[in-house]
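The primary structure of each chain is shown beneath.
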Amino acid sequence: MKPAQQISPQTVRVILPFQLQTLARCPAEVPLELTPPVTQRRLLRALEARYPELSGAIVDHATGKRRPLLRFFAGKQDLSHHDPDAPLPEGVATGRDEFIILGAIAGG
Amino acid sequence: MSKIRVLAGTRKGAFILSSDAARRQWQIDGPYFGGWEIYHVAGSPADPDRLYASQSNAWFGQIIQRSDDGGRSWQQPGNKGVEPGINPDGSLRGSSNKFLYDTSPETGAELTTHQWYDGSLKPWEFKRVWHLKPAPHDPDTVYAGVEDAALFRSTDGGLSWQELAGLRGHGSGPLWQPGAGGMCLHTILLDPDNPQRIFIAISAAGAFRTDDGGKSWKAINKGLHSDYIPDPDAETGHCVHKLAMHPSRPGVLYMQKHWDVMRSDNAGDLWHEVSDNLPTDFGFAIDVHAHDPDIVYVVPIKSDMEHYPPDGKLRVYRSRSGGGGWEELSRGLPAKNCYVNVLRDAMAVDSLDDCGIYFGTTGGQIYCSADAGDNWQAIAEHLPPVLSVEVQTLR
Chain W
1 MKPAQQISPQ
11 TVRVILPFQL
21 QTLARCPAEV
31 PLELTPPVTQ
41 RRLLRALEAR
51 YPELSGAIVD
61 HATGKRRPLL
71 RFFAGKQDLS
81 HHDPDAPLPE
91 GVATGRDEFI
101 ILGAIAGG
Chain E
1 MSKIRVLAGT
11 RKGAFILSSD
21 AARRQWQIDG
31 PYFGGWEIYH
41 VAGSPADPDR
51 LYASQSNAWF
61 GQIIQRSDDG
71 GRSWQQPGNK
81 GVEPGINPDG
91 SLRGSSNKFL
101 YDTSPETGAE
111 LTTHQWYDGS
121 LKPWEFKRVW
131 HLKPAPHDPD
141 TVYAGVEDAA
151 LFRSTDGGLS
161 WQELAGLRGH
171 GSGPLWQPGA
181 GGMCLHTILL
191 DPDNPQRIFI
201 AISAAGAFRT
211 DDGGKSWKAI
221 NKGLHSDYIP
231 DPDAETGHCV
241 HKLAMHPSRP
251 GVLYMQKHWD
261 VMRSDNAGDL
271 WHEVSDNLPT
281 DFGFAIDVHA
291 HDPDIVYVVP
301 IKSDMEHYPP
311 DGKLRVYRSR
321 SGGGGWEELS
331 RGLPAKNCYV
341 NVLRDAMAVD
351 SLDDCGIYFG
361 TTGGQIYCSA
371 DAGDNWQAIA
381 EHLPPVLSVE
391 VQTLR
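Protein sequences appear in the order of chains W and E.
When you line the first sequence up against my numbering, it's residues 1 to 108, in that order.
When you line the second sequence up against my numbering, it's residues 1 to 395, in that order.
It is possible that some hints are incorrect.
[Unchecked claim] Below 25 Å or equal to it, Euclidean Cα-Cα: the simulated DSS-like pairs (lysine-lysine) are:
hint, chain 1, residue 1, chain 2, residue 2
1, E, 12, E, 122
2, E, 3, E, 98
3, E, 313, E, 302
4, W, 65, W, 76
5, E, 313, W, 65
6, W, 65, E, 122
7, E, 215, E, 127
8, E, 302, E, 336
9, E, 215, W, 65
FYI, nobody ran anything at the bench for these hints, they're computed from the structure.
For reference, chain E alone in the conformation it holds in the complex:
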């Protein structure tokens, strides 16, 4: 019988929620890494027991944790089966977690500055891993989106990380500015039909695509409009909050932007707006039904200055037509006095026949709909602020 495993990253640890296919009764395990910010927990499609977690805080930096048993136990990748000590070359045995920008002449890019909010120049400095994307066919291959924006990849299960420096070397990097949360690479989408194609998004540089496995990148922001950018044809600078894609149609992308919900039908070469009748088109999270690429979900947030639902009423909106014609979904969600936010990585779907939709809030709740959004229940209510939600369907 199928089971569901929800992986939640929060401000004070990771939690794993488990249920059967009915999705009514939930067991909550955690906190794992209690007290630490867990930006993201993701499972490998190739081996569902292989999980990766991004554990970080400002004091002690970035740690990557890995589980090989579905979250019951965790280790840093460097430590597994390694006797601590120092190698003959002076390096530490068992050490991992090194995210060093590649500035080598062979494969790297010059470490430049980027702009700060006031236009002054700041050095490019690693802060943390925002998003992990395990590859579809190899449990040891995983991508990491980091702040200050860059893309890394590990092919040894998280033990070592190499930057795909072509992105940072795009040329427009010195013009990039951070969004309110930092200059983060928060979205990584892998084209299931083309291993050379990857989509990423950066707050607040915009969306980019590679068609050669990360060596070179193209800004894909044409058609986006942002009032704060004087040049209407600016190649970069748009604050993209999240991208979503259905694996059956990798050329169709959805975007929740800092204002506007957008769609592209040509892999990001051109975007058009599909906000239509949403009560507000500001928000962070966006996702697609597991079995129908035209069914899209967003959580409208009142405004960029008011990060909570309009009217204090928490609602998810669903389009059945690939954007536009949005219908309100609120049965079982708080109808008043609800002033939480739903962050960009805090929405996910399962792949059961009646697709389940999940999202977590900054108020510490995780909601689940077992019927594609028609009805909702809280499956966790008192967690720390939820930073991310991922779902595994275990068969």
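Chain W on its own, in the form it takes in the complex:
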């Protein structure tokens, strides 16, 4: 009987805006180990688990959705309105492309 195939976690890279870096006292780039499927929801959950200070600061506590003045980008794509449970582009999942969390440039 063959042993169950182990799924190796992959390292995704998340880029945080300055405000969240200071909030979580973390660097601008945060590496996260995730097993497939690498989705937006699982990525953000892993980020919050690593830095609970970010809980509610990216995903709204009440709605469970991306906070409206934040956007997600990766590989030159705007992923803000993508299904949070859909697999992220391969470039993000393999760590080639950064998953960027960006605040809207608005209002000073």
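Since chain W is already given, all that's left is putting chain E on it; use the hints.
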């Protein structure tokens, strides 16, 4: 020897100003949470080293920060001593900052709509914490007034928050409209003689009182007059800017309203006007001398369309008779070309024998009078716009 600690919330961070009892030389520390709006910083009367701060912005939402060492270091309450990760039930370890309206059948109230400025209906949505009120005898108990208006309480040092939903369930909520700054619960007064009694005020619903610890609430706006409200007997809708109370006389309340300075001698059941000879009775801040419940302070602002002092001259006014007979206090304050505002939470007093009065401006100054208002000095001059000022007297 006594020391004074001033807690200032500003548009771009919190600052802590420290001095001795002379209150002449000040050390300024900060900004803490640089770049964030800090609506309020408050210290626990039960443990002066326990501080709570409301940190928020539109992008990243609401954060509650707590210090256990008088402001030298800060942490979110959920993080202290907790190893990050996910609990077996799927919840996050170390997470806090959840302000969720209670809609449970047991203790909650239906999440209704409220009115917008144009009378259209908006859903009740949490935006931020405007005001923190630590309880007098327990450093882990603290109340939070929030926008959209509601009252929350934590009994575990800010780790978790529960809504006192009886207020939102008052019944008049669907008629409430926001003031210019938002539909905020900005004032929380705790009756020191009666733990079941709490006074709150909402812009622009009015003032309310509970006598059963928050289960039920009574609108206490009788006697208030607002030209924009067609019904002179309207139970709610008045834009109350701030309430003040002296702990020795919790049945006497002072109010700075959107026009008019008011007083109640029966815990808010009826109000009467005490504006008297003020140059203008519009303003935001109001406070009471630490040792004399009849000495009241306001900062007159020209009008609801012109949020700056009359004649460009910054003045505090003091009444020694519980309202009325107001005297101008301006020695040491800018006498011309001053067009700043003083926001509702930006005035406070210390409890030294010669009571100190403090206020912060939207121009980034904080002023202090070490002699109950007779003379003033700027103790900070170049801060970001000041949103709130609280003072701790450390003995």
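Quick rundown of the hints versus the structure:
Under the criterion of a C-alpha separation no larger than 25 Å, the hint pairing residue 12/E with residue 122/E is inconsistent with the structure, at around 29 Å. Restraint check for residue 3/E and residue 98/E: the C-alpha separation of about 35 Å exceeds 25 Å, so the hint is violated. Taking the CA atoms of residue 313/E and residue 302/E, the gap is near 10 Å; set against the 25 Å cutoff, the hint holds. With a C-alpha separation of about 22 Å, the suggested pairing of residue 65/W with residue 76/W holds against the 25 Å cut-off.
As the CA atoms of residue 313/E and residue 65/W are separated by approximately 48 Å, the hinted pair breaks the 25 Å bound. Distance hint between residue 65/W and residue 122/E is fulfilled; the C-alpha atoms sit about 19 Å from each other, no more than 25 Å. At roughly 23 Å between alpha-carbon atoms, residue 215/E and residue 127/E fall within 25 Å of each other, so this suggested pair holds. The straight-line distance between the Cα atoms of residue 302/E and residue 336/E is roughly 14 Å, inside the 25 Å bound, and the hint therefore holds.
In summary, the hint linking residue 215/E to residue 65/W is not supported, as the alpha carbons are separated by about 32 Å, beyond the 25 Å threshold.
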